[in-house]
Amino acid sequence: MVVVLALPKAEALPKDEIGATFVVPAPHGCDLDCPFCFIRMRREADPAERQLTERDYTDFLDQLNLRCRIGVVSLQGYEPLLPGSWSYSEALLERAAELGIQTTLVTNGTHLADRIPDLVRLGVQAVTVSVDSADAATHDRLRRMPGAFAATLRGLESACASDLEDRLLVASVLQRGKPQYLRAMPQLLNGLGLKRWVVSPLYNVRRTGRGGVVDSPERILFQLIRLNDAAGEHGVQLIVDDDFGFLGTRSGGLAKASALVKRQLSKFDQLVRLSPNGSFSVGREILGRADGDVAIWNPDIERAKTFVPRMIEKRLQVSNGT
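The sequence shown lines up with residues 1 to 322 when you count with our numbering.
Certain hints may be false.
The calculated DSS-like cross-link candidates involving lysine-lysine, where the alpha carbons are at most 27 Å apart (straight line), are [as the list claims (entries may be wrong)]: (1) Lys195 <-> Lys262; (2) Lys15 <-> Lys262; (3) Lys305 <-> Lys262.
Think of the hints as simulated: they come from the structure by calculation, not from any bench. Just so we're clear, the structure is a prediction, and the values are computed from it rather than from any experiment.
Using the sequences and the hints, build the whole thing.
So this is what it looks like as structure tokens:
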């Protein structure tokens, strides 16, 4: 899944707020094997010599909350609803709720049906479910797991019949050169009674430096315009996930591009991300590998109450160009 920050609505975060994204460990690996998975490309949740504990995550959140105005806490994969990952997800969601911070979660949907009561209890404001084709065979081929589409559809149907109904979004990755994978998605969503569809262009991730979208912005915009037209025919709102502004200033002379609803950060350093190995990324650093040139927090050496202020100060210096 490529949704970098799963905001609960189309509007961007206010400029004085940050989005805090947490990638939780998957001790036994993910249940799917998506080659385009953003977490996989960043090597964020690979087994490491040392991984953060649940207490490390909540300590980090506490310290971040003391120093920043957090607009949203977003949990991502591999898969935060996996049995081996859930204790981390639950701890973060509970602590964010205690702090009065709205929470969102991105899931592949295969374990969604079992976790609906927990997500309702924890007051998660938005649950983004990743679906990459309305065709079961195509989705399963992309996810390299037979039956993945059926399990996700069961989760969506169960969620639509629960108190989560108004908090659901469906997200799809726009594969390079494969917009046809998504053309039937609006019809599927309409049939489920879902009216919000988030589409993310596929990103690349580099070992060092910053990645970006894998196709030309003009070609992506053209494809998004076609998908937006299809969405409108079925009463579905298409929201383009363009957190880092790769598409925002390039219309390529496409008049209808201005009609696209885009989610974009006001400032790139509004987004911070903590990975299981302790890597801490800010802004477009998130498009680089988590084992690359980023700060690594080792709680055995430095407590969160000293690491977090150092990183926040560094973020402010970078933002101010000093």
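Consistency of the hints with the structure:
no. : hint              : in the structure
1   : Lys195 <-> Lys262 : holds, 16 Å
2   : Lys15 <-> Lys262  : holds, 16 Å
3   : Lys305 <-> Lys262 : violated, 36 Å
Of the numbered hints given earlier, the model fails hint 3 alone.
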